[in-house]
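Now for the letters of each chain:
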Amino acid sequence: MNLIDQIDHWALAAPNAIAHISGDRRLTYSELRRRSDALAAHLADRFGDDSAPIAVLGHREPEMLIAFLGAVKSRRPYVPLDTVLPLQRIDKILAISRPALLLTPEYVAELSGAPTPAPATRAQRDDPFYILFTSGSTGEPKGVIITLDCLEHFVAWMLEEQKFTPLSETFLNTAPFSFDLSVMDLYCSLVTGGTLFSVSRDLVANPKMLYRALGNSGATTWVSTPSFAQMCLVEEKFAQAMVPRIRRFLFCGETLTAQTAARLLERFPQAQVWNMYGPTEATVATTSVRIDYSILETYSALPVGRAMPGTDVFVVNDAGETLATNERGEIVIAGPNVSPGYLGRPDLTAAVFFEHCGRRAYRTGDQGRFRDNLLFFEGRMDSQVKLSGYRIELGDVEANLVALPSVRDAVVTPVIKNGAAQSLAAFVVLSGRSAASHFELMQALRRQLGERLPVYMLPRKFVFLDAFPLTANGKADRARLAQSL
Amino acid sequence: MNASFPDKVLQLVASVAETDEVRANLDLPLYDNQLFDSIRTVELMIRIEEEFGVKISPAEFERENWGTPRKIIADLERRMQVNA
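So the protein lines, in turn, are chains E and D.
Each residue of the first sequence is one higher than the last, beginning at 1 in the working numbering.
Each residue of the second sequence is one higher than the last, beginning at 486 in the working numbering.
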């Protein structure tokens, strides 16, 4: 597959087909190609061949797509940034990625106006295609490099497995472009001449508008975290009649419960439900399984499936030895979809990436086991948690809390309900006494922390203590703190 | 409608918002203070149905009607009267 050619060819084969719908804005394949070519020409002309990334800051605007393709057509990776990120977080990401340029939708519109042919040299197989930043345990975000080759392997697998109908699919885009779940809907759609239907933040905030938009979307392929679908299911009218063309639900990013899958199968008798698994470091998703009634009858905790062809997934013990079926250990992925590593961080890269039989391999830090040739995900080995599919290192939140002048020490733990993390709780030792009420203190800390971290990383509960209970080793006793909730 | 109805509602709101401040300040803007979001809104809908048997359709829901604890109580009282 040649991903960029494949996308571009729709500009000739179906120039007026709609590539993207966001609110009342539409982008055709012809415009996407013309504008991304023009932007690429501008970037090549202005920056030469230094291959520095292009940062793109926006939300769901059609210009985001133009900017992504414009960057790679000038042989530069893009760094997608959503406006949900606070400025301090964006600054940190820019300091690490050192982009040639920071693009916004307005700026893209300005730079892509005059029709100009694309430069001759664009992203090659082993070039970085995008760099996606995730939470890092020390408070510094880390940039996962995904090459064109990684992405092509992922998309080729999706096409093979899902058999999308060219020029007739509409993909629901619910994840922001800074979250790699969006890569699934974005590129599967563009490569098949489909329409990407973006669900913006405003819609999610307003359920009434959200259901109306879902009803009008014409969506055939649903891509979201299970949390998002669970939220939609609260409305009884959320069923085949509301979204009549829907043929498949593709889930990734967090645990899909049997209950959610069963309710979807019941309400959407014409749709398939797929559960997928994989870290950002292995390009969106690596394993998949169709959840049907026989799977639901057999397993109370759903499997995440089998590896994509050409990639190996295995479960290892502490010594790195492959474990037998049904033995629990760390999930390791080896194959062409594995990232070459973290941008500018050979130390972090060496800690989790290695070579296995001549291929790149990644130790996920996820626990799991194989049963009946199916992989089961069983949580994390470290202090990373997932909230609504967002990956959060507790150390990241703690480091940013302690960086606030009024905080002397902080411990952050997940609040577990029904076996899953629902929110974060922060235990805080303040630097000095305060006359403010608990609520005022909490709101002040949330506000200050909100200038450093995206809203999904903010603790909802705050407990103020004079000192932390200590373990025998003199460290804050996290287990006791968590129990006190 | 018995006297403890607002208290019961506030208890649910406090549990979903994870702060007792909602009982102390009935005019606290829930969404502006990020105490409520879409997921919390539907969580409260589910809890209200369990507690009072009042079914609220998210597809017909206006966020402004639940902007503060006081507004939630008023909205639910209205719904219970219609149902009664």
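Just so you know, the hints here were simulated from the structure itself, not pulled from any lab data.
It is possible that part of the hints are untrue.
If you want the ones that stay clear, here's a sample from chain D, every Cβ over 12 Å from chain E, calculated [what the hints assert, rightly or not]: (1) S489; (2) D492; (3) A502; (4) A509; (5) Q519; (6) L520; (7) R525; (8) F537; (9) P543; (10) T553; (11) R555; (12) K556; (13) D560; (14) E562; (15) M565; (16) V567.
For lysine-lysine, the following BS3-like pairs were computed, each having C-alpha atoms within a straight-line distance of at most 25 Å [stated by the list, open to error]: (17) E:K237 x E:K208; (18) E:K475 x D:K540; (19) D:K540 x E:K237; (20) D:K493 x E:K92; (21) E:K386 x E:K461; (22) D:K540 x E:K461; (23) E:K475 x E:K461; (24) D:K493 x E:K417; (25) E:K461 x D:K556; (26) D:K556 x D:K493; (27) E:K461 x D:K493.
Computed from a prediction, not measured in an experiment: that's the story for all the values here.
Glycine is no exception: its CB is placed at the ideal position from the N, C-alpha and C atoms.
Each hint tested on the structure:
For D:S489, the requirement that its beta carbon stay farther than 12 Å from each beta carbon of chain E is met, with the minimum near 24 Å. The beta carbon of D:D492 is kept farther than 12 Å from every beta carbon of chain E, the shortest such distance being approximately 19 Å. Its closest Cβ contact with chain E, about 8 Å, brings D:A502 to no more than 12 Å, contrary to its assignment away from the interface. At the 12 Å boundary, the C-beta of D:A509 falls inside the reach of chain E, the nearest C-beta of that chain being 8 Å off.
Not every C-beta of chain E lies more than 12 Å from that of D:Q519, the closest at about 7 Å, which undercuts listing it as non-interface. Residue-level check failed: D:L520 sits 8 Å from the nearest beta carbon of chain E, not beyond 12 Å. Not every Cβ of chain E is farther than 12 Å from the Cβ of D:R525; the closest lies at roughly 9 Å, contradicting the non-interface assignment. In this structure D:F537 is separated from chain E by more than 12 Å, as the shortest Cβ-Cβ distance comes to about 16 Å.
For D:P543, the condition that its CB be more than 12 Å from all CB atoms of chain E is violated, with the nearest at approximately 4 Å. With 12 Å as the threshold on Cβ separation, the claim that D:T553 sits away from chain E holds: the shortest Cβ distance comes to roughly 15 Å. The claim that D:R555 lies off the interface holds: its Cβ sits roughly 17 Å from the closest Cβ of chain E, which is beyond the 12 Å cut-off. The beta carbon of D:K556 is kept farther than 12 Å from every beta carbon of chain E, the shortest such distance being approximately 16 Å.
Here D:D560 stays apart from chain E, with its beta-carbon at least about 14 Å from theirs, past the 12 Å limit. Chain E leaves D:E562 outside its interface by the beta-carbon criterion, the shortest separation being 21 Å against a cut-off of 12 Å. Residue placement check: D:M565 keeps its beta carbon more than 12 Å from all beta carbons of chain E (closest about 20 Å). With a least CB separation of 18 Å from chain E, D:V567 remains clear of the 12 Å interface cut-off, as annotated.
With a CA separation close to 12 Å, the supplied pair E:K237 and E:K208 stays within the 25 Å bound. Proximity of E:K475 to D:K540 is assessed by CA-CA distance (about 48 Å); at most 25 Å being required, the pair is judged violated. Proposed proximity of D:K540 and E:K237 is supported: the alpha carbons are some 13 Å apart, at most 25 Å. About 45 Å separates the Cα atoms of D:K493 and E:K92, which puts this hinted pair outside 25 Å; it is violated.
At roughly 17 Å between alpha-carbon atoms, E:K386 and E:K461 fall within 25 Å of each other, so this suggested pair holds. Distance restraint check for D:K540 and E:K461: the Cα-Cα separation of roughly 29 Å exceeds the 25 Å cut-off, and the hinted pair is therefore not satisfied. At most 25 Å may separate the alpha-carbon atoms for a hinted pair to count; E:K475 and E:K461 meet this at roughly 22 Å. Pair hint D:K493 plus E:K417 holds up; C-alpha atoms about 22 Å apart against a cutoff of 25 Å.
Note on E:K461 and D:K556: the hinted pairing holds, with a Cα-Cα distance of about 24 Å set against a maximum of 25 Å. In summary, the hint linking D:K556 to D:K493 is supported, as the alpha carbons are separated by about 14 Å, within the 25 Å threshold. Between the alpha carbons of E:K461 and D:K493 the distance comes to roughly 21 Å, so the proposed pair stays at or under 25 Å and holds.
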